[in-house]
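As they're listed, the protein sequences go chains A and B.
Each step along the first sequence adds one to the number in our numbering, with nothing skipped, and position 253 is 253.
Each step along the second sequence adds one to the number in our numbering, with nothing skipped, and position 230 is 230.
The set of hints was computed from the structure by calculation and includes no laboratory data.
Remember, it's a predicted structure, so these values are computed and weren't measured experimentally.
The beta-carbon is built from N, C-alpha and C at its ideal position, and this holds for glycine as well.
Any given hint could be a false lead.
[Said to hold, decoys possible] On the chain B side, residues computed to face chain A include the following (Cβ under 7 Å):
no.	residue
1	S88
2	R138
3	L282
4	L285
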Amino acid sequence: MKILILVMLLCSSFAFSSGDTTIHTNNWAVLVCTSRFWFNYRHMANTLSLYRTVKRLGIPDERIILMLADDMACNARNEYPAQVFNNENHKLNLYGDNVEVDYRGYEVTVENFLRVLTGRHENAVPRSKRLLSDEGSHILLYMTGHGGDEFLKFQDAEELQSHDLADAVKQMKEKRRFKELMIMVDTCQAATLFNQLQSPGVLAIGSSLKGENSYSHHLDSDIGVSVVDRFTYYTLAFFERLNIYDNASLNSLFRSYDPRQLMSTAYYRTDLYQRHLVEVPVTNFFGSVMETIHTDSAYEAFSSRISDSKINSDMPFNQPSEQDLKEELQNANIPSDKLKTEKEKCPYTQMRTDFNEKLEKLENVDTVVNLSIAVMVVVVIVSSSLLR
Amino acid sequence: MKEKKKDDGEMAEELEKNSYRFWIWSIASMIFRFCIILFPENINLSSRPELSTPLTSLCRLAEGYWLKQASMSPYSGSMYHGSPLLLSLLGPLTVHGIEGQWNHHLCSLVFVVSDILSAVLLRATGQQLEKAYRLNLRRLGLLKASRDRGILPCGDIAALVYLWNPFTILSCVGLSTSPIENLAVIVSLYGAVTRRVPLAAFGLIMATHLSLYPATLVIPLIFLLGYGLDAPPRKLFLQTRDREGEPGQDKLTRTTQLPFLWKTVLHFVFWVLVWSIYVLVLCSLSLKQYGGLEEMFKRTYGFILNIEDLSPNIGVFWYFFAEAFDFSRNYFLIVFQIYMFLSILLPLARRLKHRPCFIAFVYLAFSSILKSYPSVGDAALYLSLWALFVNELTDMKHSFFIFCGYIGFSLLSPVMHNLWIWRGTGNANFYYANAMGYACFQFMFVEESVSAMLNHDQALKKATAEMTKN
């Protein structure tokens, strides 16, 4: 009975501390535009703008999963073929040379989206379409399109419900596919989409509350449709001021949303997220700024130096474990000496150990081998001429 | 007596002329090889599957040596599958070049030297065999002094066949280590024939160490050391003894075959143990940090027995194992490797135990057909050993047909390979059909030689029976 309780305590402590013991190693972004058709130009522009920002701040294409209907740039109604703008001044062409869309057109379905999140793909799905995150990943999940109370409309044909999303996130947590997850949703009544979330380590922000709509920012009279949504517009305004070296925190990002300008309330949920938003730099999710430790040697220095540097900041309870290791090593040395003294009694094994030590000291085994081969040939010739 | 002296004098002259001719031809073959090695650069023989197998390829040896120099196990990555001793010997040679030439010229030099050595040893073996043959025929009463010239100098013929065989030249020039393996086998045969027991044991151990299959030579070597050289069956000598009927002439009718000498055989076993322990210690020394002997056995013998590499060669196994299901793979491996042991070794040993050299030839021929990774270097070896028996095998049937078959299939093999791999107009079946035809002709060749040998014994029996009647 007591053992059971101990075991349960251990397990719970494991579960509790598992989020803390892993190191943040990489950043991923999953950017989903759930609308198609020309009049939803702004949703694609939203997603592409965020794609550009995220890439500019350091996340490489191989760690971005971009899901777009992708029917704007080459649409017959597009006056500017192969160009997508998010501003009527047309300064920035979002559909440049290096946009890598992973799921396009009819591949953007709820099923594929959930498969990407949970990682349960068919065997033939290529690596570029998989979210290959691990327990050290920070994932940014951005979704935009038409939504409502606890649902998000996908491609005008299906819907993703809030408990589907919560289920997928729970599966991700179980499979340790993320260390921290940030969900950003820009739709009408966006905050309801993450009502059902319960997994720890998740931060979520939506562009509007239940009963509110999210509005587009402005209409581009040249293109003929609205080109960007307000929430994304002000998010981009915040990020255009940043470069990869800036230390702006998530708190400043969230505080930058003005309900009067957005015409909706940007609601964020931090109850599942342990860290203080003031301490978290935006590049933890929106960029990829890693702490690099430069070593000259091959691989040995990695673990010890990481543990040294991280001990002080994140993981205070690892320190005693290192000390324990040192003690263990010292203890391990003692019994081998004892064994040695016992073996000295038997002359044969002593000879063998001496021989082995000599061999280990021999640096040039090759010359010994070559010499022995030469000796062998000489012995052969001599013995064969003598013995007939 | 004078006649005999004159005959002896003539024979000595002839022998001198013969050896003069032999040396001229062998030096010519050396020069020929040097020409091929030094001049053309684009023949690219080392990439031919007929010449270099995963076991004998020199490029793999160079890779294994580089890995060893980079402090990694030479067997990592499944490139090199040979002996670590060969690595220490030939490895440095693959690195040092001569004034910017391709690095493998030094190694080719080593192979030319080993070819010459093999030829010289073959010649000596052949001379011993010829002497024994002549003596036995004389003792059977089938040979008079004037007919001595009918006996061909099988040593010279075998050595020259070895040197000038296109297979040997190709495997010498084509950067494969089969000349060294052939040398080891020939050394063991030479040692057994001239009754130098340590040499025979050394040759056997090195040959087995380098490629697994010469281990079957244990049987003919023991017969050679126990019973002596090849001789007609003992029954014939008993018949002649009956014929003579005089106790004084008993010594003359004695066969060159000895009663089984246990002492020599035990001596041989002792030396085999000594050399095998020495070689194993050396190998474990050189592979100390990389897994030791277990790793070596797994990667050399295990590689051979498991047929892990299924790239095309002139053998018959690669195609089959590319298709075999996984669950039956082990079964087929066992069947193919044991087939040789059960069906070939023991019956032949029993039937032809008075001709141990010939048994060695047949074993080598079969192992070159049924090896895991055969190459033309093995064919070179057994073809020259066949030439050691020209005196007995003069009546071999269908020899022209088999000879043409050999030439045809060897020439078609690169053509089929080109059609399959480079042009894409053929497929693997073309190349495998060629390999199967080649194997078929090899089987025919061995079968014809064995039947010719048995017929020869029959003919001797008839001849002695006639003489007894007369």
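Structure-based check of all given hints:
Because the closest C-beta pair between S88/B and chain A is about 5 Å apart, less than 7 Å, the hint holds. With its C-beta approaching chain A no nearer than about 24 Å, R138/B sits outside the 7 Å limit, and its interface hint is violated. About 5 Å separates the beta-carbon of L282/B from the nearest beta-carbon of chain A, less than 7 Å, and the hint is met. For L285/B, the interface hint holds, since its Cβ comes within 7 Å of a Cβ in chain A; the closest pair sits about 6 Å apart.
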